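Visitor: Protein chains in written order, with numbering that gives the first Met the number 0: chain A, 0 to 427; chain B, 0 to 285.
Simulated from the structure, these hints should not be mistaken for laboratory data. Treat the numbers as computed from the prediction; the structure is a model and nothing was measured. There's no promise every hint is true.
[To be verified] Covered stretches of chain A, as calculated for chain B (at least 3 residues, CB under 8 Å):
| hint | stretch |
| --- | --- |
| 1 | 206-220 |
| 2 | 233-245 |
| 3 | 336-349 |
[As the list claims (entries may be wrong)] Facing chain A, according to a computed beta carbon distance under 8 Å, are these residues of chain B, among others:
| hint | residue |
| --- | --- |
| 4 | Glu124 |
| 5 | Met254 |
| 6 | Ala255 |
| 7 | Val263 |
Built from N, CA and C at the ideal position, the CB exists for glycine as well.
Here is how the chains run, residue by residue.
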Amino acid sequence: MRRKLYLLLGLLLVASMVLAACGSKSSSSSGATSGNAKTVTVTIGFTQSKTGKYNEESTRQSDGLDLWIKQVNDKGGIKLGDGTVVKFKTVSYDDESSGDKVQQLYTRLITQDKADFLISPYSSGLTASAAIISEQYGKIMMATGAASDSIFSKGYERVYQLYTPASHYLTGAVDLLKSLDPNVKKVAFVYENSKFSTAVVKAAKEYAAQQGYNVVMFEGYDKGTTDFGAFINKIQDSGAEAVMGGGHFQDGSTLARQLYEKKLDIKYLALLVAPPDPSFGDLGDAALGVVGPSQWEASANYSPESAKAAGLTWFGPTSADFVKAYKAAYNEDPDYHSAGGYAAGLVLQKAIEDAGSIDAAKVKAALDKMDILTFFGHIKFNTTDAHGLQIGHSMIYIQWQKKDGKLVKEVVWPKEGATAAPLYPLKH
Amino acid sequence: MIDALLRSLIDGLLLGFVYGIAAMGLTLIWGVMNVINLSHGSLIALGMFSVYYLFIGLGIHPYVALVLTAFIGLIFGIIIYFIAVHRVINAPELSTLLATYAVNMMILGVGTAVFTTTPRNIPLELGSIQFGSTVITTTRLIAALVATLVAVGLFLFLKYSRPGRYIRAVTDNRDAAEIVGVPSAQVLALTFGLGTLLAAISGGLIATFFPFTILAGESYELKSFVIGVLGGLGNPVGSLFGGLILGVIEGLVPMAMPTTWTPVLEFVLFVLILLVKPNGLFGGEE
Chain A
0 MRRKLYLLLG
10 LLLVASMVLA
20 ACGSKSSSSS
30 GATSGNAKTV
40 TVTIGFTQSK
50 TGKYNEESTR
60 QSDGLDLWIK
70 QVNDKGGIKL
80 GDGTVVKFKT
90 VSYDDESSGD
100 KVQQLYTRLI
110 TQDKADFLIS
120 PYSSGLTASA
130 AIISEQYGKI
140 MMATGAASDS
150 IFSKGYERVY
160 QLYTPASHYL
170 TGAVDLLKSL
180 DPNVKKVAFV
190 YENSKFSTAV
200 VKAAKEYAAQ
210 QGYNVVMFEG
220 YDKGTTDFGA
230 FINKIQDSGA
240 EAVMGGGHFQ
250 DGSTLARQLY
260 EKKLDIKYLA
270 LLVAPPDPSF
280 GDLGDAALGV
290 VGPSQWEASA
300 NYSPESAKAA
310 GLTWFGPTSA
320 DFVKAYKAAY
330 NEDPDYHSAG
340 GYAAGLVLQK
350 AIEDAGSIDA
360 AKVKAALDKM
370 DILTFFGHIK
380 FNTTDAHGLQ
390 IGHSMIYIQW
400 QKKDGKLVKE
410 VVWPKEGATA
420 APLYPLKH
Chain B
0 MIDALLRSLI
10 DGLLLGFVYG
20 IAAMGLTLIW
30 GVMNVINLSH
40 GSLIALGMFS
50 VYYLFIGLGI
60 HPYVALVLTA
70 FIGLIFGIII
80 YFIAVHRVIN
90 APELSTLLAT
100 YAVNMMILGV
110 GTAVFTTTPR
120 NIPLELGSIQ
130 FGSTVITTTR
140 LIAALVATLV
150 AVGLFLFLKY
160 SRPGRYIRAV
170 TDNRDAAEIV
180 GVPSAQVLAL
190 TFGLGTLLAA
200 ISGGLIATFF
210 PFTILAGESY
220 ELKSFVIGVL
230 GGLGNPVGSL
240 FGGLILGVIE
250 GLVPMAMPTT
260 WTPVLEFVLF
270 VLILLVKPNG
280 LFGGEE
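All chains, full assembly: derive it from the sequences and hints.
Guide: As structure tokens, this is what we get:
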């Protein structure tokens, strides 16, 4: 009896040692040494809006990020100067498009899942919530899918923005309109009452007024608005010749659809977020002629050559390579949310390579110094009055046009990057 | 300006018919059974999803799907009645309120898990009709016509059919109706079924022109309460007029002030009517 007990105890002891050994191998971000090359697995934490109104944009953003991780790991990770190999893994949760959820989950990502670096959720509102937590715990967070300027006026030191900030989102659409028709004077701004859209249209309104436009209507609609009937009647009554605004995908596409159904007589329609999304084309003729600012387009011509011309360092894949890999992985074209997700990882990768370490302070210093051109565009961060704000990147404007009877997205602004002449005026 | 008012008025009226149908479902159940059906909003949302899936999944035209949805709504309502409402029908009003609220939470819980909260659209393109500067979207015009037909149908059913007369008898005096042989349990179940049918139809109609999620019913339920109070709770015909009034408010108010003020005014009206004329604009004196 006693011998059996000893045997059992012995077995348990051996088993626990084996388990402990396995445990140390799989634990994240603590190195496992084999020979001389040390492999470190870095945990990247983020939340995704698998449900709720940001689902569409957020899914593409995460898909882009996942693709980057897969590519880096498939290539054997990042090799640092001291021979350490850095590999990545992700931990993510569904934030249900809710700010409260985001704060709980980012706390959990940091304290329980021991995430080394964070990627923001999609949207300015959710990112603002997440930034409070990431900054509290001193974690570096790459903010993608978040264009609000105000997040970066709070003195945060470790949040870095990939997107062109909101204050520059629609200003190009005003320039485009001016180049198309100097006679148009009356502009209406109709926008979603959200942090992001309000910031965009306020800046655009000021800019339009400076450019000599008469802003005949400036009104927000509630989040989740489905009936734009009253707005459309008001736009019609204001005599506006051009309409700008929108918010996110759902309300923007609904507004475009209802403007079309109501045959509103306007010459120009520029909306946020929705038009660059490939599913905007599902609206059919309602999408025709609608202009939208995009953070990135597959056809945008950034290359190692243009980097050289601009005196910048090129980093990462070309647009064509990224598009090919994304299509192969997800069987659909990437949009700018996808590219933004990928770019968030890519810029973090560059920073880790430059720092030669995964130490947060060193990576932060590398990010502060960053000045590169990627397939996503120019990346450079403000390091003075609004730390982390994107100051390198610029917007591209697309328009839905008909080519051989099929709806396609064409780049119409800036002129240097245009793939087609703008369609004007809008025909409803 | 006159043009703009006319356009807003027409928009509001068209939508008002659909609101009216939704409210009719709520107020029918209240009037006959003294039950405040808090699952009304989620039943409206289920109507939306029913039409959506019959169209997207099975390729049935949305307006045919609407007929099927109405039938499904009727059966579903009768089932809900026997499972959740029947055993508490004679208990104080709070019990039925909680029972229907529980049904509401179940539908929303299961619905969120199954359908997620990603917005859906029924891609139905029927164009629009133009009179001068006024453009009417065809789907909304059809919705208003269908809503009117349903309202007339319900009126005739209640007035002339045997089950309709039973329903009115139970409304007036349930005990007396039972004494003369009216099967009150069946009549109450039928009423709940009809209320659900109306909710499902209104949901199905709304889904043909607005995007929706499983949570979308809530705002229409709130509107139904306002309309119910406007038209007099328990007065289905009053509901239709209440719906039209609310639709007109939603159409005209934004012409004078920011659109975000519309719900504020609606609920101010709600409270005022409760204070001044609790039986509704079309209710008699009590």
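Visitor: None of the hints should be skipped; say for each whether it holds.
Guide: Verification of the supplied hints:
1. 206-220: holds (count 3)
2. 233-245: Since 3 is at least three, the answer is holds.
3. 336-349: violated (count 0)
4. Glu124: holds (7 Å)
5. Met254: Since the shortest Cβ distance to chain A is 7 Å, the answer is holds.
6. Ala255: Where the cut-off is 8 Å and the nearest Cβ of chain A is about 10 Å from alanine 255 (chain B), the hint is violated.
7. Val263: violated (12 Å)
When the structure is compared with the earlier hints, violations turn up for hints 3, 6, 7 and for no others.
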